[in-house]
Amino acid sequence: MLGDSRKAQEVFHTTLREAALRAAHGELPKERFWLFRDARWRCLEATEADLQPESLKLDEHDLAPHAASQIEQMEPTQLAVWISAAPDPQRTALALFCLDEFDYNEILDLADLKLTELSRFLVQGRRQLQAWLDGKFPEATNV
Amino acid sequence: MRTPRLSRGQRALLNCAPINQGKLTDRSMRSAVSRAADSPEFANQQNFDRAVAALVTLIPVPPETAEWFAEKDLVVGSKWTWKKIVRNPAVLAISIAVVVIAGVSVFQVLSRLHDFPGSATARKLLTVAASTRPVMLDPVSTEAGTLSDLFFMKHGLEHYDVPEEFADFRTIGCRVFEDEESRRIAQIWLAEKRMQLFLFPAERNTKTGAVLGFPGWRYVSQEGWVGAVKEQSGVCFMAALRGGEKDLEPYIAKTKE
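From first to last, the protein sequence lines stand for chains A and B. Numbers 0 to 142, taken from numbering that gives the first Met the number 0, label the letters of the first sequence in order. Numbers 0 to 256, taken from numbering that gives the first Met the number 0, label the letters of the second sequence in order.
If we strip away everything but chain A, and leave its shape as in the complex, we get (with noise of 0.2 Å):
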């Protein structure tokens, strides 16, 4: 979500002093998913005094049948970087399905979205990340 492990770091602990407090005074949420969303609304905070991406239109390329050798060149903090790149809430659809933690549905209550909203929102990430990977190793799209 912040393609930064210092920021990740503070949010991460501001999100959990903030459970322990909520805890202290028993006033925990019942609400299954409280901890991620709050977590979440914490990482857009913390990026909204950053650079925001610009409202650009990226490219868009057809998934590539050697697309996952492609990925295996990437580096994980490139990979991070490029998801805290988009805009959100592609970037929270992006960030929760990448986890692979959390099925469409809690995925679809966690970040406010529509199925199809989020379908898109994947469909369009996995084009562009193709049109990146394509534009950044190129040679292995000739194996």
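No wet-lab data here; the hints were simulated from the structure. Every residue, glycine too, gets a C-beta built ideally from N, C-alpha and C. Among the hints, a few may not be true.
Stated by the list, open to error - Here are the in silico distance ranges between beta carbons for each label pair: (1) E17/A <-> P59/B: 35 to 45 Å; (2) A36/B <-> K29/A: 35 to 45 Å; (3) S6/B <-> R36/A: 28 to 38 Å; (4) A101/B <-> R36/A: 38 to 48 Å; (5) E17/A <-> P62/B: 18 to 28 Å; (6) W81/B <-> A84/A: 18 to 28 Å; (7) R119/A <-> A42/B: 49 to 59 Å; (8) S33/B <-> N104/A: 14 to 24 Å; (9) E26/A <-> A42/B: 28 to 38 Å; (10) V85/B <-> E17/A: 31 to 41 Å; (11) L57/B <-> L43/A: 16 to 26 Å; (12) T24/B <-> W40/A: 37 to 47 Å; (13) K135/A <-> V85/B: 48 to 58 Å; (14) W81/B <-> G134/A: 54 to 64 Å.
Place chain B on chain A using the hints.
Chain B in isolation, oriented as in the chain A frame:
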């Protein structure tokens, strides 16, 4: 392999298909995924997502944060407590149904516990006894035991004998009638406690024709009436009166002594 025709909804679901197939908990998602399982586009998407997810696991997490998640699931499923299970409408509905079925079964078992061959006919005859008026019978004033000859001579009914326990009681009237199954039934009205006696054919095995006998006296009750039934020589005898078993017991116990 061609991509199967999918509705817009299914296509949207496919785009959100979980990376891990173990997360296919949603029925509509399972259906969409199974329809597209063989399509190359979907296989491409899944390979793409798996590769991304694998890379995500390699994104470095600060050690201070990582230790929070050691041996812990990121998302803990909601626990099923007994209270929650009991309050579940499906569980509640099934429990009520099971209790009702069990209740009916227990009732049926208890009601059939004292059943014997001919008990159904005996119950029907208790209903007849409750609705019979003295004017419906031919007036006969004699000892009940002597009516066996009358039944044999006048109606051709063999072994329609009144057991010795009831043979000495004075009669008010008697008749022979046919029930709905054309079985001939002898009915005797006694002066003693307005008791009624019935003689009817014992039940037989439908295949062999053998009499389905039973030892001793058996009780049946119906709508406030009680009957003591005995089988002898292929004929059932029933003494019936309004009341309970304790009202009939003295007559039967008398002979046992």
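Hints versus structure:
no. : hint                         : verdict
1   : E17/A <-> P59/B: 35 to 45 Å  : 25 Å, violated
2   : A36/B <-> K29/A: 35 to 45 Å  : 38 Å, holds
3   : S6/B <-> R36/A: 28 to 38 Å   : 31 Å, holds
4   : A101/B <-> R36/A: 38 to 48 Å : 46 Å, holds
5   : E17/A <-> P62/B: 18 to 28 Å  : 22 Å, holds
6   : W81/B <-> A84/A: 18 to 28 Å  : 48 Å, violated
7   : R119/A <-> A42/B: 49 to 59 Å : 21 Å, violated
8   : S33/B <-> N104/A: 14 to 24 Å : 18 Å, holds
9   : E26/A <-> A42/B: 28 to 38 Å  : 48 Å, violated
10  : V85/B <-> E17/A: 31 to 41 Å  : 34 Å, holds
11  : L57/B <-> L43/A: 16 to 26 Å  : 25 Å, holds
12  : T24/B <-> W40/A: 37 to 47 Å  : 27 Å, violated
13  : K135/A <-> V85/B: 48 to 58 Å : 57 Å, holds
14  : W81/B <-> G134/A: 54 to 64 Å : 58 Å, holds
Hint compliance for this structure: hints 1, 6, 7, 9 and 12 are broken, all remaining hints hold.
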